[in-house]
Amino acid sequence: MIMLDASDLTKTFTLHLQGGVRLDVLRDNGLTVRAGECIGLSGPSGAGKSTLLRALYGNYKVDAGEILVRHRHEMVDITAAPDQTIIEVRRETLGYVSQFLRAVPRVAAVDIVAGIAGHRAAAVAILERLGIPPRLHSLPPATFSGGEQQRVNLARAFIRDWPILLLDEPTASLDAGNRDIVITLMREAKAKGAALVGIFHDPFVRDAVADSVLHLSPVSAAA
Amino acid sequence: MQGYNFAYLDEQTKRMIRRAILKAVAIPGHQIPFASREMPLPYGWGTGGIQVTAAILGADDVLKVIDQGADDTTNAVSIRGFFARTAGVRTTTKTAEASVIQTRHRIPEEKLREDQIIVYQVPMPEPLYKLEPSRAKAKRRHALAEYGEMHVKLYEDITRFGRVAVAYDHPVMVNERYLMSPSPIPAYDNPKMDNMPALQLFGAGREKRIYAVPPYTTVRSLDFEDHPFHPGRADQKCALCGGEESYLDEIVTDDKGGRMFACSDTDYCAARRA
Amino acid sequence: MSVLLEARALYKTYGRVTALDDVFLQMRRHEILAIVGESGSGKTTLLNVLAGRIAPDAGEVVYDGAPLAALGELGLRKLQRARWGFIQQDPRAALRLDISAGGNIGERLMAAGARRYGDIRATARHWLEAVEIDSGRLDDFPKFFSGGMLQRLQIAATLVTEPELVFMDEPTGGLDVSVQARILDLIGSLVRQLGLAVVLVTHDIGVARLLADRLIVMRHGRIVETGLTDQVLDDPHHEYTQLLVSSVLPA
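Residue numbers (this note's numbering), protein chains in the order written: chain W, 25 to 247; chain B, 185 to 458; chain V, 378 to 628.
In isolation and in its complexed conformation, chain W is listed as follows (with noise of 0.2 Å):
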């Protein structure tokens, strides 16, 4: 079943600050995902990997095609739904997680975890499956190492079971003993029927996990 359909997707950026250079990042890009499935994205460092990751989200907008996500039995178009319908689709379908945590701060690291419906004993769980130690879990993370924070970010992310799941270099900051831990997750995540989307670093994790690649080369930037 496909989950997320995008096509024809093109977005330049216009930066008014540098005198109005434009920077053409997507061209006629587009992706496929079933349920279950996942796609790594691939390519250097500018061809628009974490353009086209957040475009999928909503979070760029983008010149045109169209990007279709299965919310409730129905596709919607996030390049043309309002922008309730958005946060609609991200509070319940559609999840993404960060290369970085953005500390709220003073909320215990349990607490983000658990999120507004607070279900504290699957957060513990979880925090302790990712390595975080119970000390650690009633403080606020803007203290943790870095390692730790995008752990907690992990944790937020995999405590729920998204249908939809776009992730950002997710094991960028972690050691090899954490990485497998996530690499589980995923495929765990997967096998509950999750769509995923990812950017992977690290040639391991995308071979463990993506049953295929969407290479992106950039597009000739414009003056």
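By construction, these hints were calculated from the structure, which means they are not laboratory data. C-beta atoms are modelled at their ideal positions from N, C-alpha and C, and glycine is treated no differently. Among the hints, a few may not be true.
Derived lysine-lysine pairs resembling DSSO-like cross-links, with alpha carbons at most 27 Å apart [unchecked claim]:
id: 1; chain 1: V; residue 1: K455; chain 2: B; residue 2: K323
id: 2; chain 1: B; residue 1: K278; chain 2: B; residue 2: K295
id: 3; chain 1: B; residue 1: K314; chain 2: V; residue 2: K520
id: 4; chain 1: B; residue 1: K321; chain 2: V; residue 2: K455
id: 5; chain 1: B; residue 1: K321; chain 2: V; residue 2: K520
Here are some chain V residues pointing at chain W (derived, C-beta under 10 Å) [as the list claims (entries may be wrong)]:
id: 6; residue: R405
id: 7; residue: R559
id: 8; residue: D562
id: 9; residue: R569
id: 10; residue: Q570
id: 11; residue: R591
id: 12; residue: T603
id: 13; residue: P613
id: 14; residue: H614
id: 15; residue: E616
id: 16; residue: Q619
What follows is a list of derived Cβ distance ranges for each label pair [stated by the list, open to error]:
id: 17; chain 1: V; residue 1: E539; chain 2: W; residue 2: A141; range: 15 to 23 Å
id: 18; chain 1: V; residue 1: V380; chain 2: W; residue 2: S169; range: 42 to 50 Å
id: 19; chain 1: B; residue 1: V436; chain 2: V; residue 2: A489; range: 43 to 51 Å
id: 20; chain 1: W; residue 1: A145; chain 2: V; residue 2: E539; range: 26 to 34 Å
id: 21; chain 1: W; residue 1: D32; chain 2: V; residue 2: R430; range: 45 to 53 Å
id: 22; chain 1: B; residue 1: P317; chain 2: V; residue 2: V380; range: 36 to 44 Å
id: 23; chain 1: B; residue 1: Q420; chain 2: V; residue 2: S555; range: 54 to 62 Å
id: 24; chain 1: W; residue 1: R126; chain 2: V; residue 2: Q457; range: 34 to 42 Å
id: 25; chain 1: B; residue 1: L206; chain 2: V; residue 2: S379; range: 44 to 52 Å
id: 26; chain 1: W; residue 1: R159; chain 2: V; residue 2: F518; range: 37 to 45 Å
id: 27; chain 1: V; residue 1: A446; chain 2: B; residue 2: K295; range: 46 to 54 Å
Given chain W, work out where chains B and V should sit, using these hints.
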């Protein structure tokens, strides 16, 4: 008295005041502005009450004037004398005999009748004054019936004193519509205002407002459900007449701490002793 | 989800200064909308027009299907007292400093008809705790509270009746940075828990990013960009928005 109109005020002024009184009676508890005149006594001495009395007094009226319940204090005596000279009306100290009773800060103990009018002297007619110093804003509150703040004050009283501790001038809801200051009568007197057969008129000379409570109008003292209004009274008997139902004055008798309690309403006390 | 608050073609001038120029906006229930701009952008004027405190020269504001202009003063004040809240930048302007903390919180309850002293007190105590003020201070006067405590008291006193829509004017302006973080956190969690809709004016992009679902960027009385908060801040399209975003000092 030579050179003065009946009851001191000229007829045009009386007409103006009567119009204000009519409006006040038509909207129970609502303050009506009026063009308060210069009276031969300063503000704060009852000029409002005197103007109301002057406007309603007729040659056949019998006038009683009390100050804190007493007929014989300086102010009561002066005002009674003033009307005796400028209107030539009969005056009395007996509540039952009076047709018009002007009072400062008390309601007589004896129940008033339909054929009587009681005129209150009012220093500050605006019950919201302490909470909303802006009179323009206070007017809006009355217009929109926004009285939540008054309960805030009562809340503060209970918090600080354990009970709604407004000993006098306890605000009331008139006809379940307007919040009104009953004038600085003791809280003990508030229940007397509820459904009173007599017409109640209120005059504030310095503040230039008149308001009224028509006969048989509901007057409810503000309170909380779990801290109901309690009309307070010293738990004593009157030393002169033995009365246990009347509001008492506490009188210091010597410099050794001696004190006695006596009825504030002198006519009531005298009648009991007769 | 239907539209809760809508502004159409708002126009407002102060002499030669145009504070609002053809402003349109919409928001839905449970949404947090931030209006961001620099001084003179018109954002505060917009907030006051939306909240019915100022009448626009032209255009209309519609709340839950009813135009504000058609409500009359009585209807508007009822709305402002019962279904709306307004948190001001300076809590001293909104609170009664000579009334106890409990009295301040209880005021909206009493205005809404609460008549049991015990219940009012219990609710006030609960709300003091919710805004992290020691409930032992229930009877203290706000005169002696710090700036941060005053703002938290204002939040409690405003949210106590769980209004559908809360307007906030720079709720953390003028407070120390560490205090700001605490209050923003508090606002964020209370608003989410109660499912309130919020219109928030701020010049601080970080505040908008932290709290808001959607963002409006204003400049010289006009809306230059609008959209999801993260989208407008991460992928700004308008020149002014790009300038604003790039001007934020890194932490």
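The hints, checked one at a time:
1. Among the hinted pairs, V/K455 with B/K323 is consistent with the structure: their alpha-carbon atoms are about 16 Å apart, no more than 27 Å.
2. With a C-alpha separation of about 12 Å, the suggested pair B/K278 and B/K295 falls inside the 27 Å cut-off, and the hint holds.
3. A threshold of 27 Å between alpha carbons decides the hint, and for B/K314 with V/K520 the separation of about 17 Å falls inside it, so the pair holds.
4. Between B/K321 and V/K455 the CA atoms are separated by roughly 16 Å; this keeps the pair inside 27 Å, and the hint holds.
5. For the proposed pair B/K321 and V/K520, the alpha carbon gap of about 24 Å is at most 27 Å, so the pair holds.
6. Because the closest C-beta pair between V/R405 and chain W is about 5 Å apart, less than 10 Å, the hint holds.
7. Here the hint on V/R559 is kept, as its CB sits about 6 Å from the closest CB of chain W, short of 10 Å.
8. Below 10 Å, beta-carbon pairs count as interface contacts, and V/D562 has one with chain W at about 5 Å; its hint therefore holds.
9. Given hint, V/R569 at the interface with chain W, holds; its Cβ is 6 Å from that chain's nearest Cβ, closer than 10 Å.
10. Annotation: interface hint on V/Q570 holds; nearest CB of chain W at approximately 8 Å, less than 10 Å.
11. At its closest, the beta carbon of V/R591 sits 5 Å from a beta carbon of chain W; the interface hint therefore holds under the 10 Å criterion.
12. Below 10 Å, beta-carbon pairs count as interface contacts, and V/T603 has one with chain W at about 9 Å; its hint therefore holds.
13. A cut of 10 Å between beta carbons decides the hint on V/P613: the least distance to chain W is about 9 Å, and the hint holds.
14. At about 7 Å, the closest approach between the beta carbon of V/H614 and any beta carbon in chain W falls short of 10 Å, and the interface hint on this residue holds.
15. Because the closest C-beta pair between V/E616 and chain W is about 4 Å apart, less than 10 Å, the hint holds.
16. Evaluation of the V/Q619 hint against chain W yields a held restraint, the C-beta minimum of about 5 Å falling below 10 Å.
17. A hinted range of 15 to 23 Å for the beta carbons of V/E539 and W/A141 is consistent with their spacing of about 20 Å.
18. A beta carbon spacing of about 45 Å between V/V380 and W/S169 agrees with the range 42 to 50 Å that was offered as a hint.
19. Distance hint for B/V436 and V/A489: a CB-CB separation of about 47 Å, consistent with the stated range 43 to 51 Å.
20. Under the hint 26 to 34 Å, the C-beta atoms of W/A145 and V/E539, about 29 Å apart, fit the expected range.
21. Restraint check, W/D32 to V/R430: a C-beta distance of roughly 47 Å satisfies the suggested window 45 to 53 Å.
22. At about 40 Å, the beta-carbon gap between B/P317 and V/V380 stays in the expected band of 36 to 44 Å.
23. For B/Q420 and V/S555, the Cβ-Cβ distance of about 60 Å falls inside the hinted range of 54 to 62 Å, so the restraint holds.
24. Range check, W/R126 to V/Q457: about 35 Å between beta-carbon atoms, so the 34 to 42 Å window is met.
25. The hinted window of 44 to 52 Å between B/L206 and V/S379 holds, with their beta carbons roughly 51 Å apart.
26. For the pair W/R159 and V/F518, the supplied restraint of 37 to 45 Å holds, since their beta-carbon distance comes to about 41 Å.
27. Separation of V/A446 from B/K295 is about 53 Å and conforms to the stated range, judged on CB atoms against 46 to 54 Å.
Of the hints listed earlier, there is not a single one the structure fails to meet.
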